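Single-letter residue listing:
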Amino acid sequence: GDSVTQMEGPVTLSEEAFLTINCTYTATGYPSLFWYVQYPGEGLQLLLKATKADDKGSNKGFEATYRKETTSFHLEKGSVQVSDSAVYFCAQSNSGNTPLVFGKGTRLSVIA
Amino acid sequence: GAGVSQTPSNKVTEKGKYVELRCDPISGHTALYWYRQSLGQGPEFLIYFQGTGAADDSGLPNDRFFAVRPEGSVSTLKIQRTERGDSAVYLCASSLLYNEQFFGPGTRLTVL
Numbered sequence: 001g002d003s004v005t006q007m008e009g010p011v012t013l014s015e016e017a018f019l020t021i022n023c024t025y026t027a028t029g030y031p032s033l034f035w036y037v038q039y040p041g042e043g044l045q046l047l048l049k050a051t052k053a054d055d056k057g058s059n060k061g062f063e064a065t066y067r068k069e070t071t072s073f074h075l076e077k078g079s080v081q082v083s084d085s086a087v088y089f090c091a092q093s094n095s096g097n098t099p100l101v102f103g104k105g106t107r108l109s110v111i112a
Numbered sequence: 001g002a003g004v005s006q007t008p009s010n011k012v013t014e015k016g017k018y019v020e021l022r023c024d025p026i027s028g029h030t031a032l033y034w035y036r037q038s039l040g041q042g043p044e045f046l047i048y049f050q051g052t053g054a055a056d057d058s059g060l061p062n063d064r065f066f067a068v069r070p071e072g073s074v075s076t077l078k079i080q081r082t083e084r085g086d087s088a089v090y091l092c093a094s095s096l097l098y099n100e101q102f103f104g105p106g107t108r109l110t111v112l
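So the sequences go chain by chain: A and B. 1 is the number of the first residue of the first sequence in the numbering used here; add one for each residue after it. 1 is the number of the first residue of the second sequence in the numbering used here; add one for each residue after it.
Bear in mind the hints are in silico, worked out from the structure with no lab data behind them. Note that this is a predicted model, so its numbers are computed, not measured.
Residues from chain A shown here face chain B by an in silico Cβ test under 10 Å; the list is partial: (1) Tyr36; (2) Glu42; (3) Leu100.
A partial selection of chain A residues facing chain B, derived with a Cβ cut-off under 8 Å: (4) Gly43; (5) Leu44; (6) Leu46; (7) Phe89; (8) Pro99; (9) Phe102; (10) Gly103; (11) Lys104; (12) Gly105.
Every residue gets a Cβ at the ideal spot worked out from N, C-alpha and C, and that includes glycine.
Next comes chain B alone, as it looks inside the complex (with noise of 0.2 Å):
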């Protein structure tokens, strides 16, 4: 079946714009994550959501960063007034509750 999607895959951005990067799960999963990736380093937690409300959000680094999913489903990152120091791998992930996380490819992040 079809696995954990985003796009675009690649976003090339100059500082101060807004973006917005999507998450499509794996159909049924009910759980979705948002990590950061930064060159050289492990994925950082951003937020986390069961069904449509982000049941933790402690890891967004500021607020010019929010995300959403409003149906349960598919999910989006916004960033307002992007930053050079933006510039990343954000990585969504999707599970059955209780289960196993499932990672997407990832959408490469470069602000100018």
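Looking at chain A on its own, in the form it has when it is part of the complex (with noise of 0.2 Å):
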């Protein structure tokens, strides 16, 4: 069946550090591809998406480019603050009104 799997945390990173959280995905057809962010306390949000092949999705200095070669969205983000602490999520959904799949998370802790 479909799937997601995303690299295991905690990462935990100093303040202005780059960081990459890697995904990727098994899937039947052309899913869409979505990166959610829990922060602590909060409900999830989306952060960003995708829904085709080559596509970037990009927000609050995220972005995640979606790679179909190699079945990947990774996200990434140049300089991290404190404030970006939080779980997040890379998920997928087939098409339309379908349910996401959701990994497993990545806890993402940010020291100054």
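Need the complex rebuilt from these two chains, each delivered in its own frame; the hints are there to steer you.
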């Protein structure tokens, strides 16, 4: 079945460091890909998305590119801040209103 | 405007009891989803409604779990004869057709 695998955490970085969180997927079709973020004490929020191959999603300095050839959607940010500390989830959805399939999440802690 | 709300925010119950969890979606959203998030895991799909009907209930773990959405708005997830393994955060999300899912804050269920 469809699945998402993301790098295990926790990840601890110093402020202004470069961030990469790896995510790969398996799917029968051509899914849409998402990164969700869960800040401490808050609900899941959509961070960015890409709906087709080679699309780049971006938001708040985060980027991820839909790579069909490597079935990947790695999350990157050039300079993290303490406020980026959260749990990040990679997810896919086949199409339209189909349910999301999530990875296990990666906890990021950024220290000053 | 108001987001997705879920009540109660916390529920503690004893093994074998019946519980109901409520979700109020964003007004006008036709699609409603229930997910379950166990500790250290990503959310897992339970059931999806389009309007009043369950379009996909393939994620319900067994027949102790049931959900309704009688008027196409508010939804209730019902769990009979609760077990300790049902302890998790239950998340609700809503969306317009073919659009982003917005998540509620979740209900943390603890079965003693």
